[in-house]
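Given chain E, put chain L in place with the hints provided.
Single-letter residue listing:
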Amino acid sequence: MNNKQIIEYNYDVAVVGAGHAGCEASLAAARLGYKTVVFTVSIDSIAMMPCNPNIGGTSKGHLVREIDALGGEIGINIDKTFIQSKMLNSSKGPAVHSLRAQADKKNYSAEMRKTLENTDNLHIRQAEVTKILTEDNIVKGVVTSSGTIYYAKAVILCTGVYLKAKCIYGDVSSNTGPNGLSAANSLSQSLIDNGIEIRRFKTGTPARIDKRTIDFSVMQEQKGDEDITPFSFTNKPSDIEREQISCWLTYTNETTHEIIKENIDRSPLFAGIIEGTGPRYCPSIEDKVMRFADKERHQIFIEPEGEYTNEMYIGGMSTSLPEDVQYNMYRSIKGLENAHIVRNGYAIEYDCINPQQLKLSLEFKNISGLFGAGQINGSSGYEEAAAQGIVAGINAVKYIENKEPLIIDRSEGYIGVLIDDLVTKGTNEPYRMMTSRAEYRLLLRQDNADYRLTPIGHEVGLISEERYNKFLKKMETINAEIERVRKVYVEANEETNAVLKYCNTTTINTGTSLSELIKRPELNYQKTAPLDKERVALEREVTEQVENMIKYEGYIDRQKRQVEQYKKLESKRIPDNIDYFKVGSLRKEAIQKLDSIRPSSIGQASRISGVSPADISVLLVYLKGK
Amino acid sequence: MHNTETITALCTSFGNAGIHIIRISGDKAFYVIGKIFKKGKSQKTFDVNKYDSHTIHYGYIFDGNKCIDEVMVSIYKAPNSYTKEDVIEINCHGGSFVARNIIMLITKFDVRMAEPGEFSKRAFLNGRIDLSQAEAIMDVIKSQNDYALKSSVGHLRGDIKTSIEGIRENILNEMAFIEASLDDPEHYELKDYGNILYEKIMPEIGKLEKLSKSYKEGRIISEGINTVIIGKPNVGKSSFLNYLLNENKAIVTDIPGTTRDIIEYSINIGNMCLNLIDTAGIHKTEDYIEKIGIEKTLESINKAQLIICIFDMSREFDEEDEYVLSQIKGRNSIVLLNKSDKKCNIDLNRLKDNNIDYIAFSTKTGEGFDLFTDKLENMFYSDIIDVENEIFITNVRHAEAINNAVQSLKLVIDNILNKMPEDLLIIDMMDAYNSLGEITGDTVGEQLIDKIFAEFCMGK
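Here the protein sequences line up with chains E and L, keeping their order. The working numbering puts the first residue of the first sequence at 3, with every later residue one more than the last. The working numbering puts the first residue of the second sequence at -18, with every later residue one more than the last.
Pulled out of the complex, with its shape left as it was, chain E reads as follows:
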């Protein structure tokens, strides 16, 4: 007898992929008490950073803070493993201050793996998932390449770039994921069989160069901040102090551009070998040179991959040109004349889904209990992936519990903007978060992510009582200080005017309130300390918010009013079973769009391209009549 025995397991939640989305998703589900299994093609690739060696950056930093505020892991993990930290845009308005940290890649991955391994209810399994099991449009589990069945009440797809992955440079291509990791070649078909629409996207990465072959003396050093801000609200700056490592700035030049132009016909992108759509935010260097022909030079950032290695990441020069061209191109750059390439730059193509097939909960509309998070949904970036991961993890649990899903709206967080954009508007390129995508960004600051989302994280169950009480206390302190400052009256006298003169601002003839003075461009909370006798020393995370709330009060109030208008439309729910063909008076295009996207509220419907204000009026009237 040689009967193959089919092995079966039972889980609550199965997470396919252990990248940045998969880690957050599986941690959230397991921490909420549900038996969870997370699959990875290689145990060594958990939370791997196959591209840039940093976390955060403009608007992405906001996402990290928000994930942390909800009770996610990414912020804590980068705080453990960063080697340089910088607040971008610090000279600009508070809405666009963005935190970015260089990571030690190996350490980042190892620490996250440790966290996963030590989380109760969570099993890691190295295996390729080849099939989704469904029954009457309800997900039942997954099957691995060995034929083992993992039954699960909810399944979260976090496949990253691995679905039918293909790495390409010049005329060389291989059907693998990053770093030669095996691709998942079967799962796409299973998704198609389940009625899911698949599309092909592409992204790319630059070469890595041996540090010993780089001449840093001709480059500009890029140091980290002296006063660092932690990503996680659970850390104080003093908790994470460490020696920082520098990045370096150099530039492309005319020779570089010549080399690229001469060889452009050998680029798989321009030769048409690559079919997938690439991101506009991170174009390859060949794309930059061809599209912005009048630019004389492009900035190149040389960033360490970590403390464990000599490999340096060549930021700004992602490429899929042939190897010989890559050598010539990199070596034409000041400081890289003798560069030794450790890994080639390459483009990678992969299957992903049209995210308009998802609900705002990230559950597939046509398959109950199946969720998607990360690059499979058409996004790009570690932070974007992690943000969707935690939401999908929470909502898988909500699904099992038969509860209303967690939906963060556009006025509550960048996470909400990200998911609403993907699900409602769709995307034709790998979607990157940008501050310009957030309408209410003055309210969605990185400094107040906890104010916005920690109560939600607490309600969900990912924020401990201890952390929540600390948070409440912080909010109390902030509010009390704002109240106090509002009442402080500053006399017009010599002493006051001496302070004002020192700060290069106009003196006063009559007394005024302290908050009016803080609003002046030359002044801030800190600088007015001598005018505020009662003030006690408070933590920076407190004073920062006090200052923002006072200084930008007018704008903040305006945005709050805009949000009120927005919320009114969001709260007008559209029933799941609405038949748009029966509404009447809707334009054909609108019927099609509404029927395929099936928005959950009037607000969401109004953001669908092709649905006009007239159609929205018709819908409102129709719903009222129901």
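Treat each hint with caution, since some may be false.
[Unchecked claim] Here are the simulated SDA-like pairs of lysine to any residue, each with C-alpha atoms no more than 20 Å apart in a straight line: (1) L:K172 with E:E524; (2) E:K570 with L:D8; (3) E:K238 with E:E223; (4) L:K194 with L:P184; (5) L:K391 with E:E541; (6) E:K529 with L:C48; (7) E:K569 with L:P184; (8) E:K562 with L:K172; (9) E:K225 with L:Y169; (10) E:K427 with L:D8.
[Said to hold, decoys possible] For the chain L half of the interface with chain E, some residues (derived, Cβ under 8 Å), not all of them: (11) E160; (12) K333; (13) P402; (14) L405.
No lab work stands behind these hints: they were computed from the structure. No residue lacks a Cβ here, since even glycine has one placed at the ideal position from N, Cα and C.
Relative to chain E, chain L alone:
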């Protein structure tokens, strides 16, 4: 949708009806009427709370200290109104001029123009209209929205569209640059951008203000200039009128005027239209009936946009002429010396001493008519508008949108001067961009993101 916003619109058809009704609906309706309406002859401040619903009140609409019209105001308190919201209806005098002025005044108080069919829509949404009417109303909303779209896009003169689109594009370019530098600070430097932005925004404000001014001009073009002809009896008022009628294929009308005067004739002269108001001649009299007529004339003179003042050149200047002359002091007027074909007996120095320009005119030979037309054009179009080549705004909604855009851009300027960070300036720039989009019919979409990527090389 803006269901809580207060809205206003003319409820009677635009045109020269004898009376117009303007409706205001929403939370602010009572507040607004309190601001613009003075009750009774004594012009007392009006507080709606003191009066019952469904009452009607006599008084005047004021724009600051300026009286716009004598009106009747009806109060409907929620929910006992058409829309089930607080509603005010103003009955004002006919002619679109007064009505538009009142509507423009109302919209200064954070009240916006109603969408076509919006009162009915609110009535329905607030449960005022029963279900059987729903279908019909949806069709109305739809067709009216289509119409609104057409009138905002299709009916827009091509050059207005081009001009507004140009201004929008300039605002978009600035926003795209700022956003690019916010999203990619390592590649795009914003340092001291405030000064540059100031220089870029100021001309756009100038262009918009010019368009806004052209609204007044445009209104003159579309509605005509209310004109009175004065002079003592027998100086040739009738022959001048007949001359205009014969020469200009006038449309003789009996359109009720804006002031309960009768506009007898609407005459196109050059690019303009004169609405001629019939008046009695001015002269000294003891006759009671005649006195009433003359008083009425003087009232008309006060309300007219143009006074054409006629003297007989062949006769000497007398006391009555003197009196007529005194009526035009400080007013928009053209002095015609009729009968230039006869011997001049008038003392021209009298006019010159008073700095009065005159045109010698003959209804017999037509002498002076060209001068008259030129003078007219100079007066009403000044340097602001060249009807053939310049663009002008005639639609009240467009004028409102332009004014909003100007307000937003002025806030941008204020905040540049206050050294506010650039990311906050975007909020007002976006408002201006959206206001102008209401005119061109463009809704907000992905233009900003697309522009950023089209113009700037982003990311590592």
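Right, here's what the structure says about each hint:
1. L:K172 with E:E524: Holds - the C-alpha atoms of E524 of chain E and K172 of chain L are around 16 Å apart, at most 20 Å.
2. E:K570 with L:D8: holds, 16 Å
3. E:K238 with E:E223: This hinted pair is violated, its Cα atoms lying about 27 Å apart.
4. L:K194 with L:P184: holds, 15 Å
5. L:K391 with E:E541: violated, 38 Å
6. E:K529 with L:C48: At roughly 51 Å apart (the allowed maximum being 20 Å), C48 of chain L and K529 of chain E break the hint.
7. E:K569 with L:P184: violated, 36 Å
8. E:K562 with L:K172: violated, 29 Å
9. E:K225 with L:Y169: Since the Cα atoms of K225 of chain E and Y169 of chain L sit roughly 19 Å apart, the hinted pair holds (cutoff 20 Å).
10. E:K427 with L:D8: Judged against 20 Å, a Cα distance of about 34 Å means the pair is violated.
11. E160: Since chain E brings a Cβ to about 4 Å from E160 of chain L, closer than 8 Å, the hint holds.
12. K333: Violated: closest Cβ of chain E sits about 54 Å from K333 of chain L, beyond 8 Å.
13. P402: Constraint on P402 of chain L satisfied, holds at 3 Å.
14. L405: holds, 5 Å
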